[in-house]
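K.L.:
Chain by chain, the residues:
Protein chains: 2
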Amino acid sequence: MSHKRHRKFNKRPALQPQLGKKTDTLRIIPLGGLEEVGRNMTVLEYKHDIIIIDMGLQFPEEDMPGIDYIIPNISYLRGKEKFVKGVIITHGHYDHIGAIPHLIPRLGRPPIFGTPLTLGIIAKRQEDYKNGGGRLDLHAVDNETKLRLGVFEVEFFGVSHNIPGSLGVIVNTPVGLVVHTGDFKLDLQPSGDTPADIAKIARLNEQNVLVMLADSTNAPQPGHQFTEQEIMLNLEDVFSKTPGRLIIGTFASLLGRIQQIIQLAEKYGRHIVIDGYSMKTNVEIAQQLGYMKIKPGTLIGFEDMRRFPSQKLVILCTGAQGEGRAVLMRLANREHKRARIEKGDTIIFSSSVVPGNERSVQRLVDTLYREGAEVINYKMMDIHAGGHAKQEDLKLMLKLVNPQYLIPVEGNHSFLRQHAKVAIQTGFDPKKIFIADNGQIIEFTKQGGRITNKRVPSEYVMVDGLGVGDVSSVVLRDRQQLAADGMIVIIATIEGKTGTLVGQPDIISRGFVYMKSSKRLIDETQAKVKEILKDHDPESSLNDTYIKNKIRDDLGQFLFQKTERRPMILPVVIVV
Amino acid sequence: MSHKRHRKFNKRPALQPQLGKKTDTLRIIPLGGLEEVGRNMTVLEYKHDIIIIDMGLQFPEEDMPGIDYIIPNISYLRGKEKFVKGVIITHGHYDHIGAIPHLIPRLGRPPIFGTPLTLGIIAKRQEDYKNGGGRLDLHAVDNETKLRLGVFEVEFFGVSHNIPGSLGVIVNTPVGLVVHTGDFKLDLQPSGDTPADIAKIARLNEQNVLVMLADSTNAPQPGHQFTEQEIMLNLEDVFSKTPGRLIIGTFASLLGRIQQIIQLAEKYGRHIVIDGYSMKTNVEIAQQLGYMKIKPGTLIGFEDMRRFPSQKLVILCTGAQGEGRAVLMRLANREHKRARIEKGDTIIFSSSVVPGNERSVQRLVDTLYREGAEVINYKMMDIHAGGHAKQEDLKLMLKLVNPQYLIPVEGNHSFLRQHAKVAIQTGFDPKKIFIADNGQIIEFTKQGGRITNKRVPSEYVMVDGLGVGDVSSVVLRDRQQLAADGMIVIIATIEGKTGTLVGQPDIISRGFVYMKSSKRLIDETQAKVKEILKDHDPESSLNDTYIKNKIRDDLGQFLFQKTERRPMILPVVIVV
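Chains as they are written, first to last, in the working numbering: chain Z, 246 to 821; chain C, 246 to 821.
Just so you know, these hints were derived from the structure itself, not from any lab.
It is possible that part of the hints are untrue.
Pairs count within a copy or across copies, as identical chains cannot be separated in the list.
Using 20 Å as the maximum straight-line C-alpha spacing, the simulated SDA-like pairs for lysine to any residue come out as follows [stated by the list, open to error]: (1) K742 <-> D382; (2) K635 <-> L645; (3) K793 <-> V817; (4) K677 <-> R615; (5) K391 <-> D799; (6) K540 <-> F553; (7) K644 <-> P675; (8) K793 <-> I752; (9) K779 <-> G801; (10) K325 <-> R351; (11) K666 <-> G589; (12) K486 <-> I678; (13) K445 <-> E616; (14) K538 <-> P440; (15) K761 <-> V713; (16) K327 <-> E776; (17) K793 <-> D751; (18) K742 <-> E451; (19) K793 <-> M760; (20) K375 <-> G801; (21) K538 <-> T790; (22) K742 <-> S597; (23) K793 <-> T738; (24) K588 <-> K666; (25) K644 <-> N622; (26) K635 <-> Q532; (27) K635 <-> I678; (28) K557 <-> E603; (29) K369 <-> Y339.
Next up, chain Z with everything else stripped away, as it sits in the complex (with noise of 0.2 Å):
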């Protein structure tokens, strides 16, 4: 089948070479993936052959109120859309799909590679997706597979990670062979998957690799990854311990985890209520696509719990991050339809806890320690495995695909260089490593690589409801400022001829202060807003703009010295 999809990928327009020798020259751009982690996303560009791996969102960080996610910018594939051969999607973890349904649209729905697993997810979140993303063109692929993609030859490898299903690239060019880990580990004992190819990738080693880029997520860390396998082990002990109800939070995407989990509930005979939609969709879908086994009778509904004594229930759920809407949070606040914590109850958090997320995650432990529960989580014993390569791992690749050049990719700029500093500790040449920023093209030729000061657009693209990068740095730092402070508006009603202020200024205030409890400010305000009003001179009485400065200058510092807060002021002058 991989003829096929040969030939059928060929067929896209070929269109003349320009001449000289920039054109020869092999771009590697990435979009996303560094400087913070997540909205992965690479370019390959030859000529006029354009392939992309990954299109991933990234979550928006503490000073980005309102903000849904981020997604890459791709300003710089405007007007070369048609030259988009493909998209080439490594797993099916929002990082690296998210971005799909905005921006295949824009580049004229180019065809989409993935493991089936990873099809599956990006057509589900398709379906979901709230503006119709419209149709997707998806094609399955697998280590064996083969494509075409204009002048780029690509082939794949299986790689270990924490969802199943995941890909390494390998993309032949006609500069060299260029390497992508994705997001990997090499895991020989991995959960609900297929190790990784570590023979495919060991070939690699006499291809004369010219240039990897690798996941650089845990580089910070020494050692090698925990194995599935120890997960497994430390698991079974809390299986085999606990007398109670289990009841484990995850993340939803996590289907080794859950793998293991649904195996050693089998082992211990006890059933599962899986609930959380997404974790729900991702368990259907891996079952479907033969990714994840389950006996018949393991997978119960909340109404079938009162059948079975408490050790021989577990809840699987989402929400092991605080999140206030999943549903540990409602079983901790009583706020879950179907069911609550008892005494008795323990609870496991098998994920490690998102920077960011740590009060919240406390207030949950907190929560259900106050309803009688008992908690472990990953801190008091390892009972979650990253799915990221650490140090000793990513020596380790790099040993065995043995590339010329090394890009490290995937994680803040520390995180590459502290990848950077490993590949070093292993001999390799310093100069051959390139720690690019978002949008910084690095180039190859025949000749070798470097790594260009030329950059294309790559500032955030912030996704908010229906928008997308409607959300301007001026509408981020007015929220910030709403935000801290709050805002007041000061409505003055102005006498057309005389410029004299009519009746009371009227003030309405948000998130300023509480206005039934603090009338005495409130008046000093309107007094405040009469005596700008009565003392600027008649001449500027009319203009709009120096009124309102006026007010919003006095009427801030005014309100300051009262205060010490700078609400927003939002002075409304109206002249009859």
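Once you have looked at the hints, place chain C on chain Z.
P.N.:
For chain C alone, kept in the frame of chain Z given last:
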């Protein structure tokens, strides 16, 4: 001198005890320091005598935008001000002293007791306090001091913490001995401080202590806390191996750590620039009071730096939590007037990251790497010891003091529970461990103790600028909504008689969409407002509230459809 003080405080009005059993009860009321870390404050009340231990602040949570901090709720003490015989401060950290400027004036300015360093920090803070907290009645104490405060006899014992001059408190009450450990660890080789007063603590063993209130901050952590000595060795390792300039970030209040760094600098012939207002003043105070030894010539100013090669320099500063305006961040961002990061600098983060700061710290580390620096943090080696007892230390303290009852304090609810579990492991009677919430009354009589269901007010009192407690949940909810989706003001002028709209409705939007680039949406919104105002029935035409609600509801729906955002809608209707 303790005797003078003895007499003096005896002079305070000793009122006639009311009759009845109830008044023979000692009440212990935690007003803070439970449920979450911070704003520590405990009230001891017997008949008409009250003493308070600690008066701290707590830093706000993510969902409290604009709030500076939270202080204990003292509504319970209203009307009882004159019974408050004294306030005892265990040590000089903000979560134990921070509420003093706010609360002391409201309690009739009772005398405050603490070690000279604690009082020095309190006095300095009072001096800096923006609305001038007024005079404080400060009295120095030490391990030798005996106080009589109403019916209470108070003594102290030294404990190790990460600030010198930390005390535990022994209160002799009519119903028995009450011991409060304060923040403590049992460090026999502390830095810049006398070791914990183990002998005096051990002597409590035979004194039939009624109840111990003990620090739970590190109760979830197994084993013993590092000693400052271990940290010293690790820091020395860095000092001995680092060729270039050392830049060390830590907490301004971590005076123990600061003393170590000064010693090491002197040993390795490095000169130190200390930067950061709070750190500078703390060091000055500690030095003046003899808590800190610094050789002449060790401390230099930025202007002297050029006189020394980089391997002879240390910059010791604040900002290890990634705080936006602190020294380290300004150095990294090249916003510091006197210095900047140079290639070859080694930055040490010698403080653990406070939950919630992880991402800002990561961003800071990235920036430092970009500037060409090396970064060492506490995750890479043990260069930060907590100031709090871990599980084995807690067991030891319990065995030493040997109280009848235990009240775990200072920690999230789950920490208190884990503290209890640790005690039970040592054979402590579970029925004699009281885990309270803030405001929950614990009572002791000669017959014994019990935790009641009676609660005194303990709701958050939030400080925002000059406002104390004036930011209500309403204001906070508004701030959250404004932060998430911004706001939009609709100004409609209506003709009095007919109730018809005059001219175009005006629209101001902030934090919702960027008006300049959303002209179409704004136009549609105007049209929508016209439509809303057209088809409402004439009777209600002048019913202000009716029209406003209609605009709020209909427009809210309309905008959500268009944007999936829910901006706050503020209709302004002017009738002419």
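K.L.:
None of the hints should be skipped; say for each whether it holds.
P.N.:
Hint check results:
no.	hint	in the structure
1	K742 <-> D382	neither (67 Å within a copy, 62 Å between copies)
2	K635 <-> L645	within (15 Å within a copy, 44 Å between copies)
3	K793 <-> V817	both (7 Å within a copy, 17 Å between copies)
4	K677 <-> R615	between (56 Å within a copy, 18 Å between copies)
5	K391 <-> D799	neither (70 Å within a copy, 56 Å between copies)
6	K540 <-> F553	within (17 Å within a copy, 72 Å between copies)
7	K644 <-> P675	within (15 Å within a copy, 57 Å between copies)
8	K793 <-> I752	both (14 Å within a copy, 15 Å between copies)
9	K779 <-> G801	within (17 Å within a copy, 37 Å between copies)
10	K325 <-> R351	within (11 Å within a copy, 70 Å between copies)
11	K666 <-> G589	between (48 Å within a copy, 15 Å between copies)
12	K486 <-> I678	neither (49 Å within a copy, 26 Å between copies)
13	K445 <-> E616	neither (51 Å within a copy, 39 Å between copies)
14	K538 <-> P440	within (16 Å within a copy, 60 Å between copies)
15	K761 <-> V713	between (38 Å within a copy, 16 Å between copies)
16	K327 <-> E776	neither (64 Å within a copy, 44 Å between copies)
17	K793 <-> D751	both (14 Å within a copy, 15 Å between copies)
18	K742 <-> E451	neither (89 Å within a copy, 90 Å between copies)
19	K793 <-> M760	between (22 Å within a copy, 18 Å between copies)
20	K375 <-> G801	between (41 Å within a copy, 19 Å between copies)
21	K538 <-> T790	neither (69 Å within a copy, 60 Å between copies)
22	K742 <-> S597	neither (68 Å within a copy, 65 Å between copies)
23	K793 <-> T738	both (12 Å within a copy, 19 Å between copies)
24	K588 <-> K666	between (50 Å within a copy, 16 Å between copies)
25	K644 <-> N622	neither (35 Å within a copy, 29 Å between copies)
26	K635 <-> Q532	neither (30 Å within a copy, 45 Å between copies)
27	K635 <-> I678	within (18 Å within a copy, 44 Å between copies)
28	K557 <-> E603	neither (31 Å within a copy, 39 Å between copies)
29	K369 <-> Y339	within (12 Å within a copy, 51 Å between copies)
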